[in-house]
Amino acid sequence: MNTTTPPRAVLGTPFRPYRRGVANAILGGVCGGLAIRLGVRERTVRVLFSLFALVAGLGLLLYVVLWLCLPRADESEAIAHRLLGPHRQLRRVLIGLVAIIALGWFLQALGAPSLGAFSWPIWLSLIGLIGVWRGASPDERRHLEELAKSAPIVGVPTTRTKRSFFLRVVLGAILVFAGLRILRHFGSAWGVASPALVGSLILIAGVLVGLAPWWLTTLNDLSGERRERVRVEERANVAAHLHDSVLQTLTLIERSAGDAEVVTRLARNQERELRGWLFNPGAPSDQPGTYAAQLREMEAQVENDWGVKIELVTVGDLYLDDDVAALVAAGREAAVNAAQWSGASTVSIYAEVEPATVSLFVRDQGRGFDLESVPADRRGIELSIRQRVQRHGGSVSIKSSPGAGTEVELVLPRTA
Amino acid sequence: MGQPRVFLVDDHELIRSGIRSELAGSVDIVGEADEVDAAVEMIIERTPDVVLLDVHMPAGGGVAVLAALSGRCPEVRVLALSVSDAAEDVIAVIRAGARGYVTKNISGPDLLDAIYRVAAGDAVFSPRLAGFVLDAFSAGGTTLEAADVDPDLDLLTPRERQVLRLIARGYSYRDVAKELAISPKTVESHVSSVLRKLQLSNRHQLSHWASERRLL
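So the protein sequences, as listed, match chains F and W.
Positions 0 to 415 (numbering that gives the first Met the number 0) are the ones given, in order, by the first sequence.
Positions 0 to 215 (numbering that gives the first Met the number 0) are the ones given, in order, by the second sequence.
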């Protein structure tokens, strides 16, 4: 949505709102975004963040928290929002927090509240990073994967070069060596447990760095397999759907080839169903409880029952309440009325949701009528439409003249 | 101007012959193609007034044809024709340069009307396309979750909005003109200016809107 956000910082020109950068992102775009927000050079922000990170890793923690809490410039949801969205995720977060506290307590018990490089902000940051990875959007994850591939140390075999191999071996060796040194130095004296812990951690890090490419490859294979399985399942779903709906309808059409009306109706139904399935999978208006979904259902019913084509256009949507349901019901009566009396082959329905009103227009280009001399049997229908809408605080206006079609306008003010 | 010279691009022979027989006698059909490359070559060679372009074809579809034509023959106008009503497809062909969008179940006379209108340089908006545009440019229309609407999306003038709304309600251009007490030419110019905005406005927000509709 933040279309005005420039891809890079414009010096001296701050931009709102603060979003994570995309085009000028190195890691998460936090610094790039801040640079855009403040209108300063990206490098300045990065240097400041790095300096701040030296203060017991606080800068790092700040970075990760911002990463989690700010949406990317081209997205509308922050990672944290995405992670916390479903309620069941909340429990995981709580468990994570408990684990962090327990870890802190454990370290405290060892008499090492801040173990050199592994102070609490760094622990928190690492856990935050796991959250980032889990909650990242596909786009962002791709960015991170590319980053991981291009990083020399953990490069997967496909992008491995001699240089990265060399770097990895050297770094791994240094870490293993350092770990061994620390262990040997303090290992004998159990009273000094904390350096031993640091030593083992560094040792583990060294082994991890050495094994990372292999590990990543395995991971990639696994996700490839998973993707393949999803593809197969998807295909099976499509086949099942086509069989259940399209093939059945085609058979029915073949059988009733003589009856033009039945064939038209079948084809129209199938078209509507297939369209909805193809183009609106999981759209909000697919949920049964919305205005647009209700109108679509009404469209299908009236088309089926009265053999007219309904051209439905909806703009915006909202969840159904009693008032809106009454509006749809009144609109349905108007549409049936048009199908029954106007003689037109098409009825246009236009529904719009605006901040202050919900409106529904039902229009045909049929024979129309003179509002003054409406026959009694039609007046009843008109009255029932009018009463229905007025009971819910809305208004109705009907425009019609003989030969020029009819339009019924239903407007409902929004209470919420 | 005599009969407009029309070129058909569709990968389904059945559809082409259907259109051919519907239009026979009313327009001059100067050629047909059933795939992207042949279509581009022949259109450049024959410079028809109007190209009826199928949106969904192998190898890139209508958008690929429009992309290949862009800038090479500005006098050729394109009317997109499709079975699909997906917002993404509609917006994509319009943005690629089509002057209008109609669905294949359009009636013969309506299609003819659309062809003449496009040949005259006007834009053709079906009710559904008008609805999509209103939705895309709406300022706070929806109340479902993703309701943080950027005021910059709100690019349409109130008059353009009025015109689009009437088209979405099923009004023909002539009816719109009568309803608003303006001349049909003015209606045309409003619609053309909406088309221009659709083509020129920030790419990001429209594609965002289209994908949002799909993904939510």
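Any given hint might turn out to be false.
To be verified - Straight-line Cα separation of at most 25 angstroms, DSS-like style, residue types lysine-lysine; simulated pairs: (1) 177(W) - 398(F); (2) 184(W) - 196(W); (3) 103(W) - 308(F); (4) 398(F) - 308(F).
To be verified - What the simulated footprint calls covered on chain F by chain W, stretch by stretch (three residues with Cβ under 8 angstroms from a Cβ of chain W suffice, anywhere in the stretch; the number is not a length): (5) 250 to 261; (6) 344 to 357.
Unchecked claim - Examples of chain W residues toward chain F, derived with CB under 8 angstroms: (7) 1; (8) 4; (9) 71; (10) 74; (11) 130.
If you're looking for bench data, these hints aren't it; they were derived computationally from the structure.
Treat the numbers as computed from the prediction; the structure is a model and nothing was measured.
Built from N, CA and C at the ideal position, the CB exists for glycine as well.
Outcome of the hint check:
no.	hint	result
1	177(W) - 398(F)	holds, 14 angstroms
2	184(W) - 196(W)	holds, 18 angstroms
3	103(W) - 308(F)	holds, 14 angstroms
4	398(F) - 308(F)	holds, 21 angstroms
5	250 to 261	violated (count 0)
6	344 to 357	holds (count 7)
7	1	violated, 30 angstroms
8	4	violated, 30 angstroms
9	71	violated, 30 angstroms
10	74	violated, 32 angstroms
11	130	holds, 4 angstroms
The structure fails to meet hints 5, 7, 8, 9 and 10 from the earlier list, while all remaining hints are met.
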